[in-house]
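Participant: Please arrange chain B on chain A, whose structure you already have, making use of the hints.
2 protein chains.
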Amino acid sequence: MIPVNFNNVKIKIKNIIEHKNLKLRDIGEFGWINRVRSRVLQGRSGILAGIGDDSAWIKSQGSLLITCDLLIENVHFLKDIHPPRLLGRKALSVNLSDIAAMSGIPQYALVAIGFPQDTELEYADELMEGFLEVAVEHKVELIGGDTTASEKLCLSITVFGKPAHKKPVLRSGAKPGDDIWVTGTLGDASLGFELLKKSQTGELDLSDFHHSSLLVKHFDPDPRVEAGIMLGKIANSMIDLSDGLISDLGHILEESGKKTTVKAEVYLDKLPISKDFKEYFKGNPLDDENGLSLVLTGGEDYELLFTAKQSSRSKILEFSRKLDLPISRVGRIKKGKKAEVILRDEKARKVKHPRLKFEHFPSQERQMT
Amino acid sequence: MIPVNFNNVKIKIKNIIEHKNLKLRDIGEFGWINRVRSRVLQGRSGILAGIGDDSAWIKSQGSLLITCDLLIENVHFLKDIHPPRLLGRKALSVNLSDIAAMSGIPQYALVAIGFPQDTELEYADELMEGFLEVAVEHKVELIGGDTTASEKLCLSITVFGKPAHKKPVLRSGAKPGDDIWVTGTLGDASLGFELLKKSQTGELDLSDFHHSSLLVKHFDPDPRVEAGIMLGKIANSMIDLSDGLISDLGHILEESGKKTTVKAEVYLDKLPISKDFKEYFKGNPLDDENGLSLVLTGGEDYELLFTAKQSSRSKILEFSRKLDLPISRVGRIKKGKKAEVILRDEKARKVKHPRLKFEHFPSQERQMT
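Those protein sequence lines, which keep their order, are chains A and B. Using the numbering used here, the first residue of the first sequence is number 27, and each one after it goes up by one. Using the numbering used here, the first residue of the second sequence is number 27, and each one after it goes up by one.
Okay, chain A solo, but in the shape it has when bound (with noise of 0.2 Å):
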């Protein structure tokens, strides 16, 4: 464990623990699953079949919301530094976020976890104990998955939702004219990350550091869905924030502008910047090319970024205030030649972009100007 204050993680551990030092492989795959099965409430009546045949069976009516994310020790973890239970957490989270993204409800969940050999039980209970906190923090209801051995843990979660209004807010409905919002602060998951890899290679000492809200970000994401359920009836279109600014932004201009191009103008000075983000980098982060790119470009912070138009403008000031949550006003989008980001600073002055953090397969032809 490293010594981290959790102080922003809801903690309440169970005793769940029943043997210790037992493996995985001493109750075996079908022990395990039934070891799950007992631990999910599987109360909710739209549920016909839950976890124990070959499919769930689930009543539906209206339409439905699924989204898939994959999480894979060494890419999206450091398995012996990311403790299991908030990696539980993290993996349903990050699903929840891109429900949150559509405006939707989370309700039900399926979990696919490759668990490498010799995983000891009380790793695998931990890691679902955390998925399952957070599986009741949003009334998400586990209805199945799939267990498997691995060389490296892997967990696949599948997450279904409703559309909270009448129809989801999708990432092509960007106007000419809309201002570009963002909730939270930005770059702060990626410089947790950066700065867990220092201290493995011994380049900073976590016991010594103090901004845990940047590690916090990282390891135990809060997914904004009350915020994309409130802002369902006023965004025009709306992305989470998983592969960073830029990148993220682009995918709205890409997929606003199939009639008419539209590019986003970014004003430099209005990013949200936590307090934990500037003392590490004593003095204005954007001045410091690292910091300016964590920002702009660096992955999984799962804050909302969406569109709106002007007038909507004091009625999004006023859900920040009910959330208790920021949320900056950070643009513009405007019509474009091609679905461009422009950086401008304080001064209206273009400001070059820096190298993108964070992509999993790193591509020149990709980065945009």
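Among the hints, a few may not be true.
As the list claims (entries may be wrong) - Incomplete in silico selection of chain A near chain B, CB under 8 Å:
#: 1; residue: S64
#: 2; residue: L96
#: 3; residue: A138
#: 4; residue: P142
#: 5; residue: E177
#: 6; residue: E281
#: 7; residue: G362
#: 8; residue: E366
Unchecked claim - Capping the alpha-carbon separation at 27 Å, the derived lysine-lysine pairs in BS3-like fashion look like this:
#: 9; chain 1: B; residue 1: K193; chain 2: A; residue 2: K188
#: 10; chain 1: B; residue 1: K284; chain 2: B; residue 2: K165
#: 11; chain 1: A; residue 1: K85; chain 2: B; residue 2: K49
#: 12; chain 1: A; residue 1: K335; chain 2: A; residue 2: K296
#: 13; chain 1: A; residue 1: K85; chain 2: B; residue 2: K165
#: 14; chain 1: A; residue 1: K301; chain 2: A; residue 2: K373
#: 15; chain 1: B; residue 1: K105; chain 2: A; residue 2: K178
#: 16; chain 1: A; residue 1: K178; chain 2: B; residue 2: K376
#: 17; chain 1: A; residue 1: K85; chain 2: B; residue 2: K259
Rather than coming from a laboratory, the hints here were simulated on the basis of the structure. From the three backbone atoms N, C-alpha and C, an ideal C-beta is built for every residue, glycine too.
Facilitator: Using the frame of chain A, we list chain B on its own:
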């Protein structure tokens, strides 16, 4: 490529490889997603938003069947010898098999793939081509997914469908007096996989090997979707054979025995065994310890195991003729003191269970007696 005759595999290679010698990373994560998206017909009216948003959005009414399966390199397949097109086919087929086992009609799929960093674009294209081939065969639409990096190739597929009849067939409906039936033949897939592994260690030369149906069964199982739909009004309980006959029959007994405990009697001389399987063992495979073990406990046959009342026999044999698929009556459900599978030889003598061939986390506790 191994020198196998894939006569049984319908392969229509389209000329989709535009760029030879490119790596996946050369087009980037989003380049890849757009590539897949351009090959998917999003024509079905039920899809309100498909690939290209945070979540897919589909119309739904009535009830929904959902299943997911994780396929991991070196656990479920050997990457160097499993042709990527067939791996793509199998990844979807094993999920369709789960929908078939509920008597469901598959409709939509999500595919999450973790690709090793140095994956060739051609490899990824072939994998997707195989996946989409099976999707087209079964009228399944790809509506979303996730793509990420991974040390080992891993595929997580989620499939949705609807019950073909008013209710799906659950594992829990087996009743005392029911006949036990299986489609197709038993043990071929696991024998095929065993032979492949032997060819890797040099114990067997596959170029001298003529029993290709065994390998095809491992590489490219045919999900029994049509049979599942037909059997939906007749079967009292059903499961697909992924873990092996004894194990999967055990699941039916466990789920069906919640009120009245049931046991199963299986008649060894009635078990359907393929010509190629018999030829490999040169004699009765059930007289061979390994042969017996493969037939009873070998996994991944993806046939249907079901129970039905005795008055349905002629109807089931009629289905068998219509489907041109063997359906064999192999045993009987009885009231019992515990949920056990009893094996009987042709003289009705009890036979000792072989060791289990297929469990991801082998456990002594789980072995049924």
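Participant: It remains to establish, for every hint, whether it holds in the given structure.
Facilitator: Hints, verified against the model:
no. : hint              : in the structure
1   : S64               : 13 Å, violated
2   : L96               : 4 Å, holds
3   : A138              : 4 Å, holds
4   : P142              : 11 Å, violated
5   : E177              : 6 Å, holds
6   : E281              : 6 Å, holds
7   : G362              : 19 Å, violated
8   : E366              : 15 Å, violated
9   : K193(B) - K188(A) : 23 Å, holds
10  : K284(B) - K165(B) : 36 Å, violated
11  : K85(A) - K49(B)   : 43 Å, violated
12  : K335(A) - K296(A) : 18 Å, holds
13  : K85(A) - K165(B)  : 22 Å, holds
14  : K301(A) - K373(A) : 24 Å, holds
15  : K105(B) - K178(A) : 16 Å, holds
16  : K178(A) - K376(B) : 42 Å, violated
17  : K85(A) - K259(B)  : 20 Å, holds
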